[in-house]
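Please model the complete structure; the sequences and the hints are all you need to start from.
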Amino acid sequence: MRKTFAPFLFFLVLFISCEEKVERPVEVLDLTRMVQLVVDVEKVEAHLRTLDPDKDWTIESKTTYGQLLAKHEISQENFERSYDWWRKHPEQFERIYELALAQLKSEEAEFNRK
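Quick note on numbering: the sequence shown equals residues 2 to 115 in the numbering used here.
FYI, nobody ran anything at the bench for these hints, they're computed from the structure.
Positions of the beta carbon are idealized from the N, C-alpha and C atoms, including for glycine.
Incorrect hints may have been included.
[Said to hold, decoys possible] Keeping only pairs whose Cα atoms sit at most 30 Å apart, straight-line, the calculated DSS-like set for lysine-lysine is:
| hint | residue 1 | residue 2 |
| --- | --- | --- |
| 1 | K44 | K115 |
| 2 | K106 | K72 |
| 3 | K44 | K106 |
| 4 | K89 | K63 |
| 5 | K44 | K72 |
| 6 | K56 | K72 |
| 7 | K106 | K89 |
| 8 | K56 | K44 |
| 9 | K106 | K63 |
| 10 | K89 | K72 |
| 11 | K89 | K44 |
| 12 | K44 | K63 |
| 13 | K56 | K89 |
[What the hints assert, rightly or not] Across the chosen pairs, the derived CB separations fall in these ranges:
| hint | residue 1 | residue 2 | range |
| --- | --- | --- | --- |
| 14 | E74 | E111 | 32 to 42 Å |
| 15 | K72 | Y98 | 12 to 22 Å |
| 16 | R114 | V45 | 15 to 25 Å |
| 17 | V23 | D53 | 39 to 49 Å |
| 18 | D53 | E108 | 23 to 33 Å |
| 19 | V27 | K115 | 34 to 44 Å |
| 20 | D31 | S107 | 15 to 25 Å |
| 21 | E108 | W58 | 22 to 32 Å |
| 22 | L102 | L69 | 17 to 27 Å |
| 23 | K63 | D85 | 16 to 26 Å |
| 24 | P91 | E61 | 24 to 34 Å |
| 25 | A71 | T33 | 10 to 20 Å |
| 26 | D57 | V23 | 13 to 23 Å |
Written out as structure tokens, the structure is:
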């Protein structure tokens, strides 16, 4: 039994040691900044959903998103690059949305207490 276990253990250790650790490129927004950005994007989306659906809000929404990116001091390209990178790493991407949702719920609870 020991002889059959040794090759399995060898391949398990080899597999774990060869597992590629993906590091976030410097130009990609870190988790904290992405969470804050997603929180603000969700707030903008909620606001836009309250507007008159029969009116074309294209210009206003572009302006609003432009202001949002300026607030976070990032460019459209940097946002897209960051979003694409995080989207390709689903476990971390899901974590961003979990943290953003928790923050939004906390802010909503605080708002309702007032």
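Each hint, compared with the structure:
At roughly 19 Å between alpha-carbon atoms, K44 and K115 fall within 30 Å of each other, so this suggested pair holds. For the proposed pair K106 and K72, the alpha carbon gap of about 22 Å is at most 30 Å, so the pair holds. At most 30 Å may separate the alpha-carbon atoms for a hinted pair to count; K44 and K106 meet this at roughly 12 Å. As the CA atoms of K89 and K63 are separated by approximately 25 Å, the hinted pair is consistent with the 30 Å bound.
About 14 Å separates the Cα atoms of K44 and K72, which keeps this hinted pair within 30 Å; it holds. For a cut-off of 30 Å, the pair hint linking K56 to K72 stands: about 26 Å separates their Cα positions. Taking the CA atoms of K106 and K89, the gap is near 26 Å; set against the 30 Å cutoff, the hint holds. At most 30 Å may separate the alpha-carbon atoms for a hinted pair to count; K56 and K44 meet this at roughly 20 Å.
About 26 Å separates the Cα atoms of K106 and K63, which keeps this hinted pair within 30 Å; it holds. Proximity of K89 to K72 is assessed by CA-CA distance (about 25 Å); at most 30 Å being required, the pair is judged to hold. Proximity of K89 to K44 is assessed by CA-CA distance (about 24 Å); at most 30 Å being required, the pair is judged to hold. A distance of roughly 15 Å separates the Cα atoms of K44 and K63; the hinted pair therefore holds under the 30 Å criterion.
Annotation: proposed proximity of K56 to K89 is violated, straight-line Cα distance about 35 Å (limit 30 Å). At roughly 26 Å, the beta-carbon separation of E74 and E111 lies outside the given 32 to 42 Å, and the hint is violated. The supplied range of 12 to 22 Å is met by K72 and Y98, whose beta-carbon atoms lie about 20 Å from each other. For R114 paired with V45, a C-beta distance near 24 Å keeps the hint of 15 to 25 Å intact.
As the Cβ distance of V23 to D53 is approximately 44 Å, the hint placing it in 39 to 49 Å holds. One distance hint, 23 to 33 Å for the beta-carbon pair D53 and E108, holds here, with the actual separation near 26 Å. A hinted range of 34 to 44 Å holds for the C-beta pair V27 and K115, which are about 40 Å apart. The given range of 15 to 25 Å is respected by D31 and S107, whose C-beta atoms sit roughly 21 Å from each other.
The supplied range of 22 to 32 Å is met by E108 and W58, whose beta-carbon atoms lie about 24 Å from each other. Between L102 and L69 the beta carbons are some 18 Å apart, a value that agrees with the proposed interval 17 to 27 Å. About 20 Å separates the C-beta atoms of K63 and D85, a value consistent with the hinted range of 16 to 26 Å. At about 32 Å, the beta-carbon gap between P91 and E61 stays in the expected band of 24 to 34 Å.
For A71 paired with T33, a C-beta distance near 19 Å keeps the hint of 10 to 20 Å intact. About 41 Å separates the C-beta atoms of D57 and V23, a value inconsistent with the hinted range of 13 to 23 Å.
Hint compliance for this structure: hints 13, 14 and 26 are broken, all remaining hints hold.
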